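K.L.:
Below are the chains, spelled out letter by letter.
2 protein chains.
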Amino acid sequence: MKLASLKNGRRDGALHVVDRTLTRAVPVPAYPTLQAALDDWAQAEPVLADISAKLNGGQWAGIAFDPAACLSPLPRAFQWADGSAYVNHVALVRKARGAELPASFWTDPLMYQGGSDAFLAPHDPIPLKDPQWGCDFEAEIAVVTDDVALGSDVSVAATRIRLLMLVNDVSLRGLIPDELAKGFGFFQSKPASSFSPVAVTPDELDAAWDGKRLAGALRSTLNGQLFGCPDAATDMTFDFPTLIAHAAKTRALGAGTIIGSGTVSNRGPDGGPGTWVDEGGRGYSCIAERRMVEQIATGKAVTPFLAKGDRVRIEMLDAKGASIFGAIEQVAQ
Amino acid sequence: MKLASLKNGRRDGALHVVDRTLTRAVPVPAYPTLQAALDDWAQAEPVLADISAKLNGGQWAGIAFDPAACLSPLPRAFQWADGSAYVNHVALVRKARGAELPASFWTDPLMYQGGSDAFLAPHDPIPLKDPQWGCDFEAEIAVVTDDVALGSDVSVAATRIRLLMLVNDVSLRGLIPDELAKGFGFFQSKPASSFSPVAVTPDELDAAWDGKRLAGALRSTLNGQLFGCPDAATDMTFDFPTLIAHAAKTRALGAGTIIGSGTVSNRGPDGGPGTWVDEGGRGYSCIAERRMVEQIATGKAVTPFLAKGDRVRIEMLDAKGASIFGAIEQVAQ
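Protein chains in written order, with this note's numbering: chain A, 1 to 333; chain B, 1 to 333.
By construction, these hints were calculated from the structure, which means they are not laboratory data.
Treat the hints with caution; some may be incorrect.
In silico DSSO-like pairs for lysine-lysine, Cα to Cα no more than 27 Å straight-line [to be verified]: (1) A:K182 x B:K249; (2) A:K249 x A:K182; (3) B:K249 x B:K182; (4) A:K212 x B:K182; (5) B:K308 x B:K129; (6) B:K182 x A:K249; (7) A:K249 x B:K308; (8) B:K320 x B:K212; (9) A:K308 x A:K7; (10) A:K249 x B:K129; (11) A:K129 x B:K249; (12) B:K212 x A:K182; (13) A:K182 x B:K182; (14) A:K95 x B:K182; (15) B:K54 x B:K320; (16) A:K249 x A:K212; (17) A:K54 x A:K320; (18) B:K95 x A:K182; (19) B:K249 x A:K308.
It should be emphasised that the depicted structure is a prediction, and the values quoted were computed from it without experimental measurement.
Next comes chain A alone, as it looks inside the complex (with noise of 0.2 Å):
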C-alpha cells in the first residue's frame, strides 16, 4: 500500500492510503498519524490492507488525491539516520580534494544523525538564506523501520522494514569544510530534508526491491532537464539491512525510524566517476558530485550550487513509466 500525511492544520498531518496510481486518497480514522500506525504495526497493517483493497478495488471512492497538498510522509519523525551508502560518491569527494579514501569505508558504513523535528513538505520551497553556504539537493532512497531491538543483526534488520520513500538531503555544501573540521559531524550543514509524498510498502514495489535494494532509476532534474538517473541498486556498497544494523549496534531503534541510503550514485563504464547525461551516462543525484567530477576532469568545479527560483524534482518511475511515490518538486528561494 501507499501511505501519505496529507496537511490539516497540524504538525503530523493526517494519515491517509492512496491508490497504486497517486490519485485516489482515504482518511484513516483508526490511525489520525503515521506514526500512530508506525506505534502499533501489527495492529495497523491489516487495517490499512483492507482500506488499500478497498480504494484499489473501486469499492471506496476516496477524495482526489494532490501531492502538493502533503507533508512529507512523517512530517517529524523520532529519528532521521542517513547512511552514505554509495561508497563511490564518497570516493569522489575525497578524489576531488586529493585525499585517500580510507579502507575501512568499504566495509565500515558512514552514518549521520539528521534533524527530524520538521521536514519540510515534498513541494515546499527549498529556503536559501545565504547564498555563501552553496545549497545543494542530494537525492537519496529511504526505508521506515518498526521497533529493531539493540544488537539486531542483518538478518533481523532485513525483517523490520515497513516503509520505502525517496528523500531529498538538503545541504549546504559551503559549511561542511569547517563543521566536519570541528570533528562532531554536520549540524548547521544539513538543514531540514524533504520526502516523497508517498511512502510505500515494500510489496508495492515487486521485483524491484529484493528486501536489500531498491532497484530503478532515481530521476533528478533541475530546471527541468535531467541532471541524474543512476540506478538505486547499483553501486550500493551497503544495503538497508546492513545500515539498519550498523544504526542498531549500540541502541535499540524506535519504531517510525528513517534510514536513509545516502546520495545514490553510480560509476562510469570504466568503474570511475559516472559520466554527465549529455554524454550518455547516468548523472548526479547532486550538484556537488558534479562538480567534483569536473573538478577532477579539469581542475575547475564550474556547475553552480542552487540560486533563487531553481526548481528540483526528484522522482522514481516503475517499469510502466507510473510514479511510484510520486515526486519531490521544490523551488529554491
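With chain A's structure known, arrange chain B on it following the hints.
P.N.:
Coordinates of chain B only, in the frame set by chain A:
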C-alpha cells in the same frame, strides 16, 4: 511547575504535574503527553499552571509521586541536540591527547545531533554490551524549547525556553576515536541518554536561573561516592540562548527540541583542570574527564569506565537541599 511522564505502557507515557517537593502528582487529561502540551504551549501552559497551583496549594491531593515510575519527561523527542558548552571539558580532552585546541572553539559552539527515538527512563539500567566500548556517564543540563524560527538570534532564542532538566548523556568512549576519525561525528558512540524524572519551568528555579545559565552544583555520584559537583553556571562558555541560536542558524527548531549543555565542567582554582573531590575540588561530571586529568598528571589513566553493577546518580539540590529535578539513578548492567 514541574512535569513528569509516568509509565503507562505507551511510548510517550502519561503527562503529570508534580508538586514542588516531588511527593504528589496529578494527571493532565487535556494534554495526555508532554509533547502534546509543548505542541500547543500557549494554550497548555495556563492549564498546567492551574493544576500546579491546586496541587501545591493542597486543594488537590493527587497520587504519590514515584521517580522510579517515570519515563524521561520526553520519553522520545523529535530533536536532541547536545552542545559542548563547557570548553574546559573539550580543552582537557585535547590536552590529554596532546592536541591543540583551535581558537574557534571559544567562539563557535560544538554541537552534535543525538538519537532521540527511545530515551532511557531515569531509573533504567544502562545497557553494557561490550566492556571494550568503555561506557561512561556524562552529567549535563538541558533545556526544552518551543518552536524556534530559522535564523533566530540569541535574544529571540532566550524567549523560547520552556523547560529545564538534567541529562545522563551515556557515551561509549572506546568507540569515539574511530567514529570521529570517519568524519561524520558521533553515532554508535552515543547510545540512548536518560533525563531527570522531572522537567521544570524556568520560574521554578528562582534566582538560580538567569535566563541563560542554571547556577547550582550538579552532583554526580558513582556507587554512592561523590564524583563531581561542578557549578553549572560557572565556566559555561556558551549559554543556552547561544546554543539554541547556533542550532537554529540554518533550520527551524520544532517544539519539544531538547538542547543539551554538554558535560558540566569547572576549571581548577589556578585556571587549569578541575581537581578531584577528595582534594577539595569540584570533581568531574564523567569518568573520562577524571581519566584525562590522571593522564595529564601521571601519564596514565587509572579510573575504570562503568562495569556491571556500578550505580550512577545525577541530581541537583536547591538552596535548601531539596532535589529540584529528582535524581537520575541508573545501574550499569
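K.L.:
Has the given pair, K95 (chain A) with K182 (chain B), been kept, meaning a C-alpha gap of at most 27 Å?
P.N.:
OK: K95 (chain A) and K182 (chain B) at ~16 Å, within 27 Å.
K.L.:
CA of K308 (chain B) to CA of K129 (chain B), is that 27 Å or under?
P.N.:
The given pair, whose Cα atoms are some 10 Å apart, holds under the 27 Å limit.
K.L.:
Does K182 (chain A) lie within 27 Å of K249 (chain A) when you go C-alpha to C-alpha?
P.N.:
Given that 27 Å is the threshold and the Cα spacing comes to 25 Å, the pair holds.
K.L.:
Below or equal to 27 Å on CA atoms is what counts here, so check K182 (chain B) against K249 (chain A).
P.N.:
Judged against 27 Å, a Cα distance of about 17 Å means the pair holds.
K.L.:
Please work out if K182 (chain A) and K249 (chain B) have their alpha carbons no farther apart than 27 Å.
P.N.:
17 Å, holds
K.L.:
Would the pair K308 (chain A) and K7 (chain A) pass a check requiring their Cα atoms to be no farther apart than 27 Å?
P.N.:
25 Å, holds
K.L.:
Can the restraint linking K54 (chain B) and K320 (chain B) be considered satisfied, given a maximum Cα separation of 27 Å?
P.N.:
Distance of about 23 Å is within 27 Å: holds.
K.L.:
For the pair we were handed, K54 (chain A) and K320 (chain A), check the Cα-Cα distance against 27 Å.
P.N.:
23 Å, holds
K.L.:
Is K95 (chain B) close enough to K182 (chain A), meaning Cα to Cα at most 27 Å?
P.N.:
Roughly 16 Å separates the two Cα atoms, so the pair holds.
K.L.:
When you check the alpha-carbon spacing of K129 (chain A) and K249 (chain B), does it fall within 27 Å?
P.N.:
10 Å, holds
K.L.:
Quickly compare the C-alpha distance for K249 (chain B) and K308 (chain A) to 27 Å and report which way the hint goes.
P.N.:
Holds, at roughly 19 Å.
K.L.:
Tell me if the straight-line CA distance from K320 (chain B) to K212 (chain B) falls inside 27 Å.
P.N.:
22 Å, holds
Hint violations for this structure: none, all hints satisfied.
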